Amino acid sequence: DQQVKQNSPSLSVQEGRISILNCDYTNSMFDYFLWYKKYPAEGPTFLISISSIKDKNEDGRFTVFLNKSAKHLSLHIVPSQPGDSAVYFCAASAEGGGADGLTFGKGTHLIIQP
Amino acid sequence: KAGVTQTPRYLIKTRGQQVTLSCSPISGHRSVSWYQQTPGQGLQFLFEYFSETQRNKGNFPGRFSGRQFSNSRSEMNVSTLELGDSALYLCASSSESGGYTEAFFGQGTRLTVV
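So the sequences go chain by chain: A and B.
Each residue of the first sequence is one higher than the last, beginning at 1 in this note's numbering.
Each residue of the second sequence is one higher than the last, beginning at 1 in this note's numbering.
Please keep in mind that the hints were generated in silico from the structure rather than gathered at the bench.
The model shown is predicted, which means the values in this text are computed figures rather than measured ones.
Backbone N, C-alpha and C define an ideal beta-carbon position, used for all residues, glycine too.
Do not rely on the hints blindly, as some may be mistaken.
[What the hints assert, rightly or not] As a list, the in silico EDC-like pairs of lysine to aspartate or glutamate whose alpha-carbon atoms are at most 20 angstroms apart:
id, chain 1, residue 1, chain 2, residue 2
1, A, Lys-54, B, Glu-82
2, B, Lys-57, B, Glu-96
3, A, Lys-38, B, Glu-52
4, A, Lys-5, A, Asp-24
5, B, Lys-57, A, Glu-42
[Claimed, not checked] Not the full set, but computed from the structure, chain A residues with beta-carbon under 10 angstroms of chain B:
id, residue
6, Asn-7
7, Ala-41
8, Pro-44
9, Thr-45
10, Ser-49
11, Arg-61
12, Phe-62
13, Phe-65
14, Phe-89
15, Gly-107
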């Protein structure tokens, strides 16, 4: 049973436009959420996080939105750049990283087209 | 500051053998977590060590074990290898166990069981 779902395996966006990556979760105990970016043959790189006491967190071109009632979060990248092409993983933890470590979605492959 | 270092990068083993993977966390980080990434299951949490103690464990058989040394370096061992153990094994370090801290990943060890 997948507790963190990324329903879009891939997403294609034009350079300069906004990329929106979505993530849904089912475990209401999750209270900390993270986004990671992964290039082939490399480990995931931390991008941005948000705790459940907030509904938005920004860091440069990256903004994460959290809708607790819908158990949904999204990552916005504005403007999208060619170097953003990678696989993006959404991750969640309960009680700030408790018994089950981080629970990851299966990833969305973002392709930025010139 | 050096990142998380995993060795070896690639490994080929035969069914029934055992294997040991190594992870050196970021200097000053005391928490080391291990994850298995496969195409079908995505990233799955194996276990976490903090100050030489296993804090958390994922849903993996007892053939998967680990340990952490006083310098925070960690090793993961898989005994009686099966074909299904072929995966990318990722190690992540963080400054705290649990809490709202990000995990920083190494490049991973690609294990192939033949």
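Hint check, failures only | Those not satisfied are hints 1, 3, 5, 6, 11, 12 and 13.
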